[in-house]
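Could you slot chain B onto chain A? The hints should help.
First to last, the protein sequences are chains A and B.
Those letters in the first sequence? Residues 1087 to 1424, per the numbering used here, in order.
Those letters in the second sequence? Residues 6 to 642, per the numbering used here, in order.
Simulated from the structure, these hints should not be mistaken for laboratory data.
Treat the hints with care, as some may be off.
Only part of the chain B face toward chain A is listed, based on derived beta-carbon distances under 7 Å [claimed, not checked]:
{"no.": "1", "residue": "Pro-257"}
{"no.": "2", "residue": "Thr-328"}
{"no.": "3", "residue": "Pro-332"}
{"no.": "4", "residue": "Arg-365"}
{"no.": "5", "residue": "Val-367"}
{"no.": "6", "residue": "Arg-473"}
Note that the Cβ used here is the ideal one computed from N, Cα and C, for glycine as well.
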Amino acid sequence: MKRRIGTARLGLPLLLLLGGCDNWQSALEARGASAISLKHLIILIVAVCSVIWMLVMIAMIHALWRRRTAWRAPLDLVPPRERRLGWIVSICTGLTAVIILGFTVASFFTTRDISVAGQDDLTIRIGGLQWWWSVEYLDPDPSAGFVSANEIHIPTGRNVRLLLQGDDVIHSFWVPSLAGKQDLIPGRTNEITIRAERPGAYRGQCAEFCGLQHAHMGFLVTADTPEDFARWARAQRAPAANSADDEEIAAGRDVFMRKPCAGCHSIRGTQATGTSGPDLTHLASRAFIAAGLLPTSRGALAAWVADPQTLKPGNNMPLVPLTPDELRAMSAYLASLK
Amino acid sequence: MTDTIRRAQILDTELKRPELTSQLEETWKTERGLWGALSTVDHKIIGRRYITTAFVFLLLGGVLAMLIRLQLAGPEGRLIGPDRYNQIFTMHGANMMFLFAVPVMEAMGVYLVPLMVGTRNIAFPRLNAFSYWMFLAGGLVLWISFALDMGPDVGWFAYVPLSGPQYAPGKRADIWAQMITFTEVAALAVAVEIVVTVFKQRAPGMSLDRIPLFVWAMLVTSFVVIMAMPAIMVASTSLILDRLVGTHFFNPAEGGDVLLWQHLFWFFGHPEVYIIFIPAVGMVSTLVATFSRRPVFGYLPLVVALIGTGILAFGLWVHHMFTTGLPRLGESFFTASSMAIAIPSGVQIFCWIATLWEGRPVFKTPLLFVIGFIVTFVIGGLTGVMVASVPFDTQVHDTYFVVAHFHYVLIGGAVFPLLGAVYYWFPKFTGRMMSERLGRWAFWLIFTGFHATFFPMHILGLEGMPRRVYTYQPDLPWHGLNLFASASAIILAAGFFVFFIDVVMSARSGNPAGDNPWDAPTLEWATSSPPPAYNFAQIPVVSSANPLWEQPGALNVANGLHTDRREVVVTTITTAEPQARESSPQNCIWPLWTAIATSVMLVWSIFSPWAVVWGSIPIAITLIGWFWPKGTPEDEA
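Chain A extracted, bound-state conformation (with noise of 0.2 Å):
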């Protein structure tokens, strides 16, 4: 009993300082605004409950080897001692009370300093899709607008509001370090914002069971200064890269729009028009492929077209059979696509 409660008095923090440190997926790694409320929040409350967790334990731990005075029947009570007892657990309960309506408190505060939308903001849908994630940035202006998949970037210092809507299962929108989850759900938006002081990457990943891949549906979060953002904006608004006079890149492309991949990716700029696939118009310049799997290389893209289903399986990319020289030529491609 005592050895136990030793240990986990040493252990809880002993753990968290294992797990606390170089994570950039964790509600404890708070770098936006909203998940260092959450995390003050956590903090607070987690110390209230260890204390009072501690408090129980102190006591029944007393009451189970305290000193006890000559044996009694068991019907024999002592009514003076059963009232004093009465007093202490009605005491305990409303303390219990007390605390519980804190902690609504608490709740309600650090939802209301969370929930800050203005109308100007930069303003992101996100689609869940099995299994990756849709990002269309909206503009006013229609032309500004683009798309991209798995990979969000945002400025620093700005409310970014992200609408999400589940495409077909219910996904959930999870990015720990910057701001709780909310879930996408076919048939409703829902809305988050997020806000990153610094400039950083963190990761996110699918919180609601969606099937086969859940496990591997991942993204990114990218905060830039607001010029870094600026001039990511402009590249990704622009069409895809038209390297025509490298053949083999050429050659690639020419696989491409043959086959059936046209048929599901986007490749703004090109006769690929699919909507069932990410868009890859800048397919290169994102840190990883196939929804957080891999990060993003030549090599990588070559292993990806050549077996997605042994890389991630269950998704819903089918092998397209490629000679060898077809898919060297496809992954210079792809890797082109900065």
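For chain B alone, kept in the frame of chain A given last:
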């Protein structure tokens, strides 16, 4: 004929003790052999069967849990593919909730409630037999499907649209939905029996304020079952209709709503937790009293806490939906109501500690499990308060933090008391004691194994690890804690292994127990261990909440019942004054036939809606057979 009529007039007042018991034995006995086993309506035999079956499902679910831990021990584990993994975690959850936890609690009630209220059989004994067969059939359907690679893979909560016709082809989701129907029919049947047994069959003198707390707990649980289960049956039936005949209850494209599913499911799903937990606290109250050598402190507050928990259970289902984007005001209401459940739980914890404080604790295995329960459940309750806070929940919902939380509540809050209860009532079930030495081993292995397995999961959740993932990527720093949890799970499994060994060995060769080995105060200990088929040779009369402590010698008894036909005393609801003699049905095979006919219809209806039409004909026939007068003395009464 004349013989039947003459026999039906023998009253227990006319008989001497040996003659009385031999005649009661003759009247209430279960025939030997297979036919006797299949047709019995004895609540003790059915209860024991129910408990054993539920523990077999616990064992199977535990094997699945070990597979999960094996798969998650390292990143990108290749042991189990996503398809099988999704079946495994769905089966683990569905099996533990629907085939282990709820049935085992109900089964403890089936066995113990009639004994604790001092009657000879549960109300509606044939319905009781039917309930067991339905439960067994539902369990077999689920596990056979799993063995055939047709196990449900949509989570135990089966959210639409993932479980709907478009995204879950095949029959897996239908099997989940129909398994629900099986187990809910079984649970509803038991709930009705227990309510009636507690209200109408209590021993004379057992007024409301003298009902043992475990019986109170089973009563409250039964009401929660009756009110919660219809929601899930509506939900699962609508799902089957969406899948089988193309209705659009949950299809937003046709005006349906996917959140409707979540409301219906959790309106059942949250009370479900209390259906498991309330009997467990009833067990704790019983064990605390016996092993503190005094009546439990705060009988009235404890009863009020049980009822309060049962009522509040229906006011907090939305806390499972805090991230679905509900209106702010609704969220605040459900935060407050979810946290409010801490008040009745707190009252109970304080009363138990007060009982131990003023009592003289006897450190036997059952008390160890109670102590383990308090240590663990308080953590689970406090993390429950955490997830009740909407903003807190947005960071931990659907992560391993929640996995840790509900295992603390369900294993710490329900399985620990259940294991303590098994050690406590095993002598009553079998007439033999369990081993104190193995019991201590089992307790310490389970207790340390449990905490070492599940405590790190709180941290994993805060570190961003979502639930229901079949693997995780090596660049995320979750490897160490996962490996630690997986290794610790072996200790936990070893503890359960010791427990099962102890059960099997003690059942064969444990020390003989005697009637009341713990010197406990309630009526189930006033008869032999194991109890005779008729439970009590004479119905006890009760004048306090702790009858065997009040009258350590022989209890007062009521007589005037027939001994040559099955009769029970019916008493008034509040004061338990005798009202009537009511006959209790004899053994009967028809509940089995009815259960088989119902099972055929339910399984068939997975494949064709016409099953409901044609399949109901055999059910009607078997029901007619069930209710047809059999010419027994009980029919004539």
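These are the hints, each one checked on the structure:
1. Pro-257: Status holds, d = 3 Å.
2. Thr-328: Given a least distance of 5 Å, the restraint on Thr-328 of chain B holds.
3. Pro-332: Hint violated; Pro-332 of chain B Cβ to chain A Cβ min 12 Å, cut 7 Å.
4. Arg-365: Holds - the Cβ of Arg-365 of chain B comes within 7 Å of chain A, reaching about 6 Å at its closest.
5. Val-367: violated, 11 Å
6. Arg-473: holds, 4 Å
Violated hints for the displayed structure, listed by number in ascending order: 3 and 5.
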